[in-house]
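S.K.: If you're matching them up, the sequences are chains A and B in order.
Under the working numbering, the first sequence has 295 at position 295, and the numbering climbs by one with no breaks.
Going from the second sequence to the working numbering is simple: count from 1 and add 1000.
Please note: incorrect hints may appear among the correct ones.
Simulated crosslink set (DSS-like; lysine-lysine; CA at most 25 Å straight-line) [stated by the list, open to error]:
no.	chain 1	residue 1	chain 2	residue 2
1	B	1108	A	129
2	B	1113	B	1103
3	B	1168	B	1039
4	A	129	B	1103
5	B	1168	A	129
Chain B is faced by these chain A residues, among others (derived, beta-carbon under 10 Å) [said to hold, decoys possible]:
no.	residue
6	114
7	121
8	196
9	200
10	207
11	254
12	265
13	266
14	267
15	288
16	371
17	374
18	382
19	386
20	387
Calculated directly from the structure, the hints in this document are not laboratory data.
Cβ coordinates follow ideal geometry from the N, Cα and C atoms, glycine included.
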Amino acid sequence: MSSTLATPLPGLADPQALRQSLARAERQRKLRAISLTLPLLLFLALTFLVPIGVLLKRAVENPEVANALPRTAVALQGWNREGTPPAEAYAALTRDLASLPDSADAGALARRLNSEMPGARSLVMATYKALPLPQTTPTSAAPEIQAALLALDPRWNEPAYWQAIAKNASRWTPDYLLTSVDLRRDAKGTIGRVEPEQRAFGRILIRTFEISLVVTLWCLLLAYPLAYWLTTLSARQANVLMILVLVPFWTSILVRVAAWIVLLQSEGLVNHALQGLHLITQPLALLFNRTGVVIAMVHILLPFMILPLYSVMQSVPPTYLRAAVSLGSPPLAAFFRVYVPQTYPGIGAGALLVFILSIGYYVTPALLGGADDQMLSYYIAQYTNVNVNWGMACALGALLLAATLVLYAIYRRVTNSELSLG
Amino acid sequence: MRKGARYNVEFALMADGVKSGDVYKVLATKDGADRAFKKLTELKPSIQWWEAGAQPPQFLIAGDVVMSTVYNGRVDAANREGKNLKISWTGGIYDLDYWVVPKGTPNKDAALKFIAFASTPEAQAEYAKNIAYGPTNTKALAKLDAKVLANLPTSPANSGDALQFDLKFWADQGEQLEKRFAAWAAQ
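Work out the full structure, taking the sequences as your base and the hints as a guide.
M.R.: In structure tokens:
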């Protein structure tokens, strides 16, 4: 027993060892802390970082032609992309198509080439189904195969189809990203603008920003007085009002959009009320145009503006305003010069939140807007669901992501602070 | 009109005087597509777009539009609920639906048996009595009375100058035309 008591503390004899064991304990503590956050990190990586990485990859990936037509790609390498390609290319194409393992591969190839050159889908599929070519064997001379292919479909004589193949023979392509900003590469690889009647995405991007900006401004205009009023009320009253703000926030977006359709249609409640008050004689067009989209989006996004504003306003001492007035400032000037600047962080956070959420809006414009009120996400959905063109959908997604990041960078630059929600 | 290029460019060409037999021939050329979009531009200020097939009858009943392109079965369904909507069959487009059996399915025999049953005149006539979509088996027409026939797109009286939707054309040109429609709608 006495020996235990007499054992000296290890550190006193050897300070080096103490330092080491302390460092070890510290390391273990850190490891334990990290291992606790590991599930979350893993979850984030799997559900957030990986999908975004895959999305960005799909925006520049172009595997269809390279996978399906490796020999043709080689045969077309020396071709100057004018006139018809050499007979060897015809032979290589026939061999490539014949050795495709599954008709699904031919389908993917046909779809890819068709988005480059309309008509390629039927050409490729018809050729694929007609193989093997009549009166030739795989060992026939190239000119014979060329003649047989041309006899099958004379469209193989048109350089445009071959240019589409040659252009897409590499595994990576900037084409989707270029198309998403209304640029294109011609057959020889020179980059230029697309024809005016095909130019769409520039305008759609501007429209997306325009709608988002209008929605953000309206939200700010409506939310600021409301949030200010909330701070002046007693805690009890403020809570009741806060519930009124939050209940719609917790309701499904689809339900709210459907409700707006009922309210805004030309035989709807709003028009009936206005006509009943003799304010208007003809029903107003509130639905399936920009007005309807903006009204519904402002309604849906309002809580995202109110909450950060309210939390910042609560931290502003009301005494400052009183001090300014007692020092002789007119109340309005005091409000704008003393109170409002103190709420800038709330305005910044709320506006950024609403703006970034609204540039990704899809379902509200789709249901309440007309053909010229659709935002970028509508076209992403169109490319995924209707055209099954993942490359284009991912490129537009990447464009939206880039726009959001640029905005955030500008926000950081201007306000010189991190995004804080109060 | 439906929000998209499909059906609308065909309607536009027919409205511009192209015979239904020539629509896809004209549309395949650059000039033809230009012509279709020019006609649509003329109508653009008065067009309200719909997205889902249920919308056009709803628009008509609510008085939002005075006429609309529509899937005829939706009109039939609305009329069965006591509404009074009328169809003009001139320049209609009819489209065929297909049964597809996935390759390698364990139930191939049952699927084929079902398709054979669904294609019999009796089954198709019964189907047409319940919703006014036209039977593909023409023998079914003989089993239907005049009242049902009046609402069918494939009855001789209604299909006079109807245009058959060309799946192959849209497989080739669809992406291009839809993209052009998006650009056009944005202008």
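S.K.: Tell me the hint numbers this structure goes against, listed in increasing order.
M.R.: 11
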